[in-house]
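S.K.: The primary structure of each chain is shown beneath.
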Amino acid sequence: MAKEHPVKVRTSDFSVYYGQKQALFNIGIDIFDRKVTAFIGPSGCGKSTFLRSINRMNDLIDGTRCSGKLEVDGIDVYGKEVDVVTLRRSIGMVFQKSIPFPKSIYENITYGLTLTEKRSKDELDHIVETSLKRAALWEEVKDRLTHSAQGLSGGQQQRLCIARAVAVNPEILLMDEPCSALDPISTGKVEELITELKDTYTIVLVTHNMQQAARVSDYTGFFLMGKLIEFDRTRSIFTAPSKKETEDYITGRFG
Amino acid sequence: MSKHRFAAAQRHRGEHIAEWTIRIVASTSILTIFLIFVFVFRETTTLFSPDAQNIPSSSATAEEILTPELYNADALTAEEAHELNIPEVYNPETGTLGEPEPIALGGPELPRSSTKQVAERSVWNRLTDAAWQPVSSDPKFGIMPLLVGTAKTTFLAILLGAPLGILAAMYSAFFAPARVRNVLKPTIELLAGFPSVVIGFFCLTIVATLMQDLLGTEARLNAIVGGIGLSITVIPIVFSIAEESLSAVPKSLREASLALGGTEWQTAYRVMLPAAAPGVFAAVLLGIGRAFGETMIAIMATGNAPMLTAGIADPVRTVAATIGAEMGEVVWGSDHYGVLFLLGTILFVVSFGLNAITELYVKQRLIRKFQGQ
Ligand SMILES: Nc1ncnc2c1ncn2[C@@H]1O[C@H](COP(=O)(O)OP(=O)(O)OP(=O)(O)O)[C@@H](O)[C@H]1O
Ligand SMILES: [Mg+2]
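Protein chains in written order, with our numbering: chain A, 1 to 255; chain B, 1 to 373.
Simulated from the structure, these hints should not be mistaken for laboratory data.
Be careful, since some hints might not be right.
Simulated pairs of lysine to aspartate or glutamate, DMTMM-like, Cα-Cα distance not exceeding 20 angstroms [claimed, not checked]: (1) Lys-35/A <-> Asp-232/A; (2) Lys-133/A <-> Glu-117/A; (3) Lys-251/B <-> Asp-59/A; (4) Lys-103/A <-> Glu-329/B; (5) Lys-227/A <-> Asp-13/A; (6) Lys-80/A <-> Asp-59/A; (7) Lys-103/A <-> Glu-359/B; (8) Lys-142/A <-> Glu-107/A; (9) Lys-97/A <-> Asp-13/A; (10) Lys-35/A <-> Asp-199/A; (11) Lys-97/A <-> Glu-81/A; (12) Lys-118/A <-> Glu-43/B; (13) Lys-103/A <-> Glu-71/A; (14) Lys-227/A <-> Glu-71/A; (15) Lys-251/B <-> Glu-177/A; (16) Lys-251/B <-> Glu-129/A; (17) Lys-189/A <-> Asp-199/A; (18) Lys-142/A <-> Glu-117/A; (19) Lys-97/A <-> Glu-255/B; (20) Lys-142/A <-> Asp-125/A; (21) Lys-121/A <-> Asp-143/A.
To spell it out: a stretch of chain A is covered by chain B in this simulated footprint if at least three of its residues, at any positions, have a beta carbon under 8 angstroms from a beta carbon of chain B; those stretches are [said to hold, decoys possible]: (22) 57 to 69; (23) 95 to 103; (24) 159 to 167; (25) 181 to 195.
Where a beta carbon is used, it is the ideal one built from N, C-alpha and C, also for glycine.
Chain B on its own, in the form it takes in the complex (with noise of 0.2 angstroms):
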């Protein structure tokens, strides 16, 4: 057979493999992150399977085998406690009597025998303890304490970075000249690559001690330090898309704002910033993703108790914080394992609900707004 004249050319061959090797990875990697998610959820539906009950007492068994190397990571913490001076985090009044717990002692105590309170109570009542003390006899998988204290550093973070952020971002967008903004953009948004650990460290021994000199807290780790080390990572993030937004508003709306008499900030207040507002709540809401599922360093600097206060200056541990500390120790298929999954399906849900609310419902809008209809 004779090639006609629309015959395909020999070019159009490379293009097809060159085609077919781009939607072959890019299927890979939307499997795999797919397959994460079917992992997570798979893992977190332990906890609804009907032999959960019957696991408090076959992992409390398991329990007592690991309990030396168990006890002493936890009694880290607990020592730690006690140099903060804050005993009372582990004496919650559960009303399960006034005895402390065994962790609150911080000593490799063996656990009491009280296996029969412990197979009355399902991991569901569990949740709602006010108290997460995940290894004990009797463990309380309280969630309350840690979504108490992830909303409290998340919140603190960006009460401080959101500002912050955007402020830089209207600075760099209308303000700044063009020297200073290639300077300043780029550094800003290098310390999103910084690693979370530095900054951790960071927090933990200068903003630590600074905070402390300053407001004269009890403990030196607690939320507020915590909130400024998350804030660290929120500000590149909100900086950086509140920038972009702010930027891609057409130039003839700062000159018609100037035109009729505005200054430069009234510009930047008034018209600029309205008109990129989406963008800059899709920067937020980013910069809440991120604050709430950083984990090293809400490990690092909060102080990592799980306290169910109210106090901003008090220690507390985040829901991230949590899964990275005791993932990496837990029984495997026990009851806090499932517990931890269901955390980890927690942060998933709010990242994803986040990015959601961010690429669907602002994204159109900023579309709309520039597009005008």
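Bound-form chain A, shown alone (with noise of 0.2 angstroms):
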């Protein structure tokens, strides 16, 4: 496997329990700085759970326990002295259905940035510019950001989930099967959109979508039934993957 990347995400022997059930079995990956790494793998493998495992999202769901180490930066992640709440604001997330908030689109951008402190509204004006363009969606919005954000399109409305997500300017990016309620020109859009982030974030993508995957990652993990069965450069996957699984899995012969 190549090293000639700084590691952001680093887990050892990292498992995941909800309650008596085992989800997540010893898993042990690199995750690359400024590189877009994908999991793909079939319904209920645990793509999701390693996720939420990142940004300890897991914590909210009673009874998960998880043991090993999971590191961000070097720092372990679940360790005494981590505050939530600050690792979540460094680290962002894009889920599968997340609707914006119920406010005008310029206060869903803002939301992220005036939890922590105060800022001039020209900052905000700023940011909610930047941002909006960097998610594609400045042009579509911009003469009605005051409006309610729910009265966008599915397409727009992730687009927008997106650009709040980096208004906060996170060093990770987790997505959570963005693309799997758009269709194909807003799927287009945001696959572009994670090509260009990946200059600025650490991206961590799950997706069903083989072609997405090998189209946007640089590397990809396949997990099955809890457990990483491989992880590589996303070429020699897709081209020549050295486990069986993984093969029957992206061949479609699987799952």
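Got two chains here, separate frames each, mind docking them using the hints?
M.R.: Given below as structure tokens:
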């Protein structure tokens, strides 16, 4: 496995349990800085669980436990002195079904910014514009920033959620099937966006769409029944997988 | 005629009977409610009838017949007032001489024969009096003190009850662990089913003493005590409706806010509460309706003196309490009777208005908000 990039997220022997049920088994992975890492695998194999472990969203579910190590920049995320709120501020997340807040488009973007500190109107205006531009949404909404975000189309809403996450300038961007509810055109826009954003952010993407993983990711991990079966450069995974299960899944003989 | 293959099956008949039973029961209850409305309005209209002007003189005689009984009933409140050291309640400066009213003396004194003056003023003039003295040779049907009293207690009840109810709802919906929530929710909602006479008694004895010790108010029973009593009935209503609408806010909004680095409190306050705003607003409106219409607590805890003052530490009497206390003894068909029904109509219109706003406006907004139009 290539090691030429700095590691952003590193896990070793990392397991997650929902009550008695173990959902992840001894995951060991290096996620590289400013690269797009895709996770693929059949439904229920633990992709979301792993993603949500990184920003500790699993803490919200009663009875979740984990063991092993998960480090971001060398800091144990589950360590005692880690403040979850601070952690989540530097790890953005885009959900599969993320509805915008029932506020205006403008307020949706500024929400994350105003959580920590007071900022001037000019500064906010500026961040709203750049975030929306980064999410390729600016042209479509610049004339109706004060309108309710719920008036946007599904694809626009998802891009707004990306803009919302980008606005707080996180280091890592976790995306859990961000395109599963989108039409091909919106999907194309989001994919383009991912490619652009990877210069700035470490992106972890969960997708059921093989082509999407192949198109946008640099590295791909294949999960099966809570285990990370294979993790490598995307090109290697899709052209010459080393494990039989991976090949079966990619060629559609599986799941 | 032989049965074809689409003929009604046997079980359909049973369903028909059930359907019709439900229909009949439903329309009966709707009809009953409608008839109650009609009755209330019809009785109020006696005030508007052309012979309303004649009634004072005739009812004056009726009052004289019933005088001892009625005066005793009122003397009680007057004596109470004496205890409270607020005789001026019964001496409002109505402009009609500095003479004290018979009632003011608290004794079963017979009314002075001022029937001439009585006949001169119509019920409608009397409605704007500054005092409520319905049983008198010169009755005063001033509804202003009652409306002001109601406004005071309702305002205090909401001021106390709404924030407490909403905060409790937020705690239950967002912060409480499942175990706590499973106990908290039914407990508070149980409060709604509490007999109001028990709450009234509690206020009359314990709250009144506490408040007097705490605030050193002149009168033991006053708008503050009444407001506290009413807030006890407001809290469960505000709580249960607000809790319901807060819980109905999609969980994905909470996750999104937490994922952006919001604290639980920021999430609850800045995302979930505004998202549920129409429902919470509805909860407050219904709470107002409850405080406005509550009778027993108002009778027991407010001091029951129809004073037209601005202070919240003064005794008051509410519209509902007036109806509750006087309707049983009123001379049927008299002006007093008509005015009580007018008060009933006011109560009805306000409650109906509040409920209508909640139903039509708030629910629509709530639905639109979550369906994102
Ligand atoms: N809140 C939960 N409580 C209990 N078990 C859960 C919970 N969430 C997920 N699981 C279980 O953990 C396993 C992994 O789920 P996860 O959501 O991570 O799968 P996934 O790979 O994201 O699936 P999908 O592709 O359908 O989104 C599944 O077996 C699931 O049933
Ligand atoms: Mg998933």
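S.K.: Now look at each hint and say whether the structure bears it out.
M.R.: Checked hints:
1. Distance restraint check for Lys-35/A and Asp-232/A: the Cα-Cα separation of roughly 12 angstroms lies within the 20 angstroms cut-off, and the hinted pair is therefore satisfied.
2. Under the criterion of a C-alpha separation no larger than 20 angstroms, the hint pairing Lys-133/A with Glu-117/A is inconsistent with the structure, at around 23 angstroms.
3. Taken as a hint, the Lys-251/B and Asp-59/A pair is honoured in the structure, with Cα atoms around 15 angstroms apart against an allowance of 20 angstroms.
4. Of the pairs offered as hints, the one joining Lys-103/A and Glu-329/B is violated, with about 56 angstroms between alpha carbons and a cut-off of 20 angstroms exceeded.
5. At most 20 angstroms may separate the alpha-carbon atoms for a hinted pair to count; Lys-227/A and Asp-13/A meet this at roughly 11 angstroms.
6. Our distance criterion of 20 angstroms between C-alpha atoms is met by Lys-80/A and Asp-59/A, whose separation comes to about 14 angstroms.
7. Our distance criterion of 20 angstroms between C-alpha atoms is broken by Lys-103/A and Glu-359/B, whose separation comes to about 23 angstroms.
8. For the proposed pair Lys-142/A and Glu-107/A, the alpha carbon gap of about 13 angstroms is at most 20 angstroms, so the pair holds.
9. Between Lys-97/A and Asp-13/A the CA atoms are separated by roughly 30 angstroms; this puts the pair beyond 20 angstroms, and the hint is violated.
10. For the suggested pair Lys-35/A and Asp-199/A, the alpha carbons sit about 8 angstroms apart, so the restraint of at most 20 angstroms is met.
11. Restraint check: the Cα-Cα separation between Lys-97/A and Glu-81/A comes to about 32 angstroms, which exceeds 20 angstroms; the hinted pair is violated.
12. For the hint linking Lys-118/A to Glu-43/B, the alpha-carbon distance of about 61 angstroms lies beyond 20 angstroms, and the restraint is violated.
13. Restraint check: the Cα-Cα separation between Lys-103/A and Glu-71/A comes to about 35 angstroms, which exceeds 20 angstroms; the hinted pair is violated.
14. The hinted pair formed by Lys-227/A and Glu-71/A meets the criterion: a straight-line CA distance of about 18 angstroms does not exceed 20 angstroms.
15. Distance hint between Lys-251/B and Glu-177/A is fulfilled; the C-alpha atoms sit about 18 angstroms from each other, no more than 20 angstroms.
16. With a C-alpha separation of about 28 angstroms, the suggested pair Lys-251/B and Glu-129/A falls outside the 20 angstroms cut-off, and the hint is violated.
17. For the hint linking Lys-189/A to Asp-199/A, the alpha-carbon distance of about 17 angstroms falls within 20 angstroms, and the restraint holds.
18. The suggested pairing of Lys-142/A with Glu-117/A is violated, with an alpha-carbon distance near 25 angstroms, which exceeds 20 angstroms.
19. A threshold of 20 angstroms between alpha carbons decides the hint, and for Lys-97/A with Glu-255/B the separation of about 11 angstroms falls inside it, so the pair holds.
20. Of the pairs offered as hints, the one joining Lys-142/A and Asp-125/A holds, with about 11 angstroms between alpha carbons and a cut-off of 20 angstroms not exceeded.
21. A C-alpha spacing of about 18 angstroms is found between Lys-121/A and Asp-143/A, which places the hinted pair at or below 20 angstroms, so the restraint holds.
22. Counting residues of the region 57 to 69 of chain A whose CB falls under 8 angstroms from any CB of chain B gives 3; the rule of at least 3 is met.
23. Remark: the region 95 to 103 of chain A is confirmed as covered by chain B, as 7 of its residues place a Cβ nearer than 8 angstroms to a Cβ of that chain, reaching the required three.
24. Beta-carbon proximity to chain B at under 8 angstroms applies to 3 residues in the region 159 to 167 of chain A; the threshold of 3 is reached and the given coverage holds.
25. Only residues whose beta carbon comes within less than 8 angstroms of a beta carbon in chain B count, and the region 181 to 195 of chain A has 0; fewer than three means the coverage is violated.
The structure fails hints 2, 4, 7, 9, 11, 12, 13, 16, 18 and 25 (numbered hints given earlier, in ascending order).
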